[in-house]
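Whenever a hint applies, use it, and build me the whole structure from the sequences.
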Amino acid sequence: MNKRIYLNSILISLLAFCSCKREEPRPVKQDSTPPGAVTNVAVTNLNGAARISFALPGDSDLLYVKALYQTTKGVKSETRVSRYNNNLTVEGFGDTSTYKVSLYVVDKSENVSPAVEVTVHPLEPVIWIVRRSLSVAPDFGGVNVKFTNTGENDLALVVLANDSLGQFSAVTTQYTNLKEGSFSTRNMKDVQTQFGVYVRDRWGNISDTLLVKLTPLFEELLDRSKMKEVVLPGDAPLGYGGNVAGLFDGSTTSGYYHSSDAASMPQWFTYDMGVTAKLSRLVWFMRPGFYYSLHNPRVVEIWGSNKPNPNGSFDDSWTLLTTTTQVKPSGLPEGQLSQADIDAALAGWTVTFPLNTPKVRYIRFKTLKNWSNGTYVNFYEIMTWGDTK
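Residue 257 is where the sequence shown starts when you use the numbering used here, and the numbers rise one by one after that.
Do not take every clue at face value.
Stated by the list, open to error - Here are the computed distance ranges between Cβ atoms for each label pair:
#1 Thr-300 with Lys-435: 22 to 28 angstroms
#2 Asn-296 with Leu-611: 57 to 63 angstroms
#3 Gly-407 with Ala-298: 19 to 25 angstroms
#4 Val-297 with Ser-353: 18 to 24 angstroms
#5 Gln-448 with Gly-530: 29 to 35 angstroms
#6 Asp-410 with Val-447: 32 to 38 angstroms
#7 Ser-353 with Val-531: 34 to 40 angstroms
#8 Asp-287 with Ser-309: 26 to 32 angstroms
#9 Thr-581 with Ala-501: 24 to 30 angstroms
Bear in mind the hints are in silico, worked out from the structure with no lab data behind them. The beta carbon of each residue, even a glycine, is placed where N, CA and C say it ideally should be.
In structure tokens:
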């Protein structure tokens, strides 16, 4: 027994000794000979960037090639590619000036080759191309900004206006990599206001600012306490404790709408807003815990009427106000959510109505498809804005 304890003690001591002797890992092959430099260097200038191609030296222990350079703002930048590449791209330039780029070859022993200096002359940065595409128009509660971003670059479009202290500052920032699109500012008074819009890239380069004076269109949040269900023939039967009133209780986490087993697609429900209004936008909120999945509505038509036919038919008494398809920002498979998905879900899905939308009092919310392609519809809240004047 004592012999076993003695042997175990020796083994523990050896392990402790070995762990104390452990050293930082080093390159498998050590030498002090720097590799050769790149040759046959050629430059292709791009928008706000440049692609540099080259031939590698014949050294057998090459590891990577790196480029060192300074961008427009004087920020030191580095780009690396492995030995399996014969080109690299330097980017982040905010103008069309001339820039120097130093190329180095690094081997497995961390030896660095002599520098090869090349000159790049970036083409017009994307921020300026997108800036020229901007158009701004009055919208309900603010302005609408349209843009074109052909290269689908990651950009921020910043809208400026005077804040409560009279400072000209950002009121909305739209992050996008869409080829084209539009977005709107909200919750602004219907008085003439000076707006500015500029484009920023991920390196902090910014375009000049487009300045316009516009008057936002009036809108107000409609009183949800006046809204109530109207039951018409053909409306979807309710089930699972759901009711139309739950959509107007002011909570996105309790009180909900849920159709029953007897419902089928397409399906709809009808409600009275309690006022006649020219609608500007409607926002619905999905069921918490099931964002972009299950029975939440996905493809929807919004119909309006001032005197619905009591037989429940979609006849001349109803007008199709708009159609919308909810989009998951990340595009991830069902059950997977990015932070952008969560943020969008918490903000609600916004349906924007055309400027020529007629005044209506009654709404039909018609679901053509839910997120599971099933036969139920279930969600938690509706908010509506418009002009009752």
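Consistency of the hints with the structure:
Evaluation of the 22 to 28 angstroms hint for Thr-300 and Lys-435 yields a pass: the beta carbon distance comes to about 23 angstroms. Hint check: Asn-296 to Leu-611, Cβ distance near 59 angstroms, so the stated range 57 to 63 angstroms holds. Taken as a hint, the range 19 to 25 angstroms holds for the pair Gly-407 and Ala-298, whose Cβ atoms sit roughly 22 angstroms apart. Between Val-297 and Ser-353 the beta carbon distance is about 20 angstroms. The supplied range of 18 to 24 angstroms therefore holds.
For the pair Gln-448 and Gly-530, the supplied restraint of 29 to 35 angstroms holds, since their beta-carbon distance comes to about 32 angstroms. At roughly 35 angstroms, the beta carbons of Asp-410 and Val-447 sit within the given window of 32 to 38 angstroms. Taking the beta carbon of each, Ser-353 and Val-531 are about 58 angstroms apart, not inside 34 to 40 angstroms as hinted. In this structure the supplied range 26 to 32 angstroms holds for Asp-287 paired with Ser-309, their Cβ-Cβ distance being about 28 angstroms.
Range check, Thr-581 to Ala-501: Cβ separation about 27 angstroms, and the 24 to 30 angstroms hint holds.
In the structure shown, a violation is registered for the earlier hint numbered 7 alone.
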